[in-house]
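Asker: Given next are the chains, with one letter for each unit.
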Amino acid sequence: DAGVIQSPRHEVTEMGQEVTLRCKPISGHDYLFWYRQTMMRGLELLIYFNNNVPIDDSGMPEDRFSAKMPNASFSTLKIQPSEPRDSAVYFCASSSINTEAFFGQGTRLTVV
Amino acid sequence: AQSVTQLGSHVSVSEGALVLLRCNYSSSVPPYLFWYVQYPNQGLQLLLKYTTGATLVKGINGFEAEFKKSETSFHLTKPSAHMSDAAEYFCAALGNDYKLSFGAGTTVTVRA
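Note that the protein sequences, when read in sequence, are chains P and U.
When you line the first sequence up against the working numbering, it's residues 1095 to 1206, in that order.
When you line the second sequence up against the working numbering, it's residues 10 to 121, in that order.
No lab work stands behind these hints: they were computed from the structure.
Be aware that a few hints might be false.
Said to hold, decoys possible - Here's a subset of chain U near chain P, in silico, CB distances under 8 angstroms, partners left out:
(1) Leu53
(2) Leu55
(3) Tyr59
(4) Lys77
(5) Leu109
(6) Phe111
Note that CB positions come from ideal geometry on N, CA and C, so glycine has one too.
Next comes chain U alone, as it looks inside the complex (with noise of 0.2 angstroms):
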């Protein structure tokens, strides 16, 4: 099974800055990889998804995330964060076994 580790539970930047949120993932099979987003009292919305191919995968929102298999990872950026991009995000690996696991959650504050 999956495990997904993202690290740091709350990000906190400045209208205008990078956003970055840290994703790590186990196993030694590259998964299928994603990255929600949840606003408050919603459900969770698809960002982003790696399956194959291309490693850079770009996103809505102006968000793009990079597979490196070297470093079993799949950050999350957005060069210039929007007083909108504030809401909780989560990393996903989806394995062989279909089971869709889950990360803890980066929860990003925008400051103006």
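Next comes chain P alone, as it looks inside the complex (with noise of 0.2 angstroms):
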């Protein structure tokens, strides 16, 4: 297996256009989560799913931001309008039960 894929690697747009993150998680794995990473907030989880079903979406820090998960193996993260605050790190990682967490390279978003 190739691993967790996300694409793009790299994301630079301007301030209100709208960005899609996407995720392709490991075959078989029935747990995906999306987090962002900033040096001031760390690692924060922003939402997970299982069996593609969003189980907590509590991490996600406004209606701006959304998850879809249509099927196993594909997953989007969109925000909508971008504002600059919104620039960082974006990694999604898939697992199996009680298993650890797989991640991908992830998508380094700049909103300029």
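Need the complex rebuilt from these two chains, each delivered in its own frame; the hints are there to steer you.
Answerer: Here you go:
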């Protein structure tokens, strides 16, 4: 397996634009996590899914953020409209029950 | 939900010296515990994990950690630091809600 795949690796966008981050989890994993990493706040859990169903989205900072998992092999995190304070590295991770999470390489988002 | 506390945001050690990174968790039920390492511009990579059984867990790159229920701790050690150990280290806990929570991270620098 190629591991957790995130795209794009880097994204630069202007304030107010819509941004979509993509994640392909490891095949067979039934949990998917989205994290945001910044210098100020460290690693924050935004939302996680179990069997494609959102379980806890309490970490999503605002209504501008939304996440979907239409099937077991794909998830998106969307920010609309984007703001400079959304600049961060966004990680996707997947796991099976009671196992460690495997992380993607992350998407570095810069909103100017 | 789990709470994970890492004592010390920065640790500096000499090459060949002991590395000790501290982690405490808060839970009435022992969670599954993990240590991850992050190199610059990389995702998180699992160092080791504790689920059940032996409380002394050995991981990759010569690291080990000991689960101490009485102290709610899961400290990470390596007897002899190498320059390649310079990175950021994260302690994480997986609770009964399957939410993976991370500590704030500890940056390790290794002096020649």
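Asker: If a hint holds in the structure, say so; if it does not, say that too.
Answerer: Structure-based check of each hint:
1. Leu53: holds, 4 angstroms
2. Leu55: holds, 5 angstroms
3. Tyr59: Because about 11 angstroms separates tyrosine 59 of chain U from the closest Cβ in chain P, which is outside the 8 angstroms limit, the hint is violated.
4. Lys77: violated, 20 angstroms
5. Leu109: holds, 5 angstroms
6. Phe111: Holds: closest Cβ of chain P sits about 4 angstroms from phenylalanine 111 of chain U, inside 8 angstroms.
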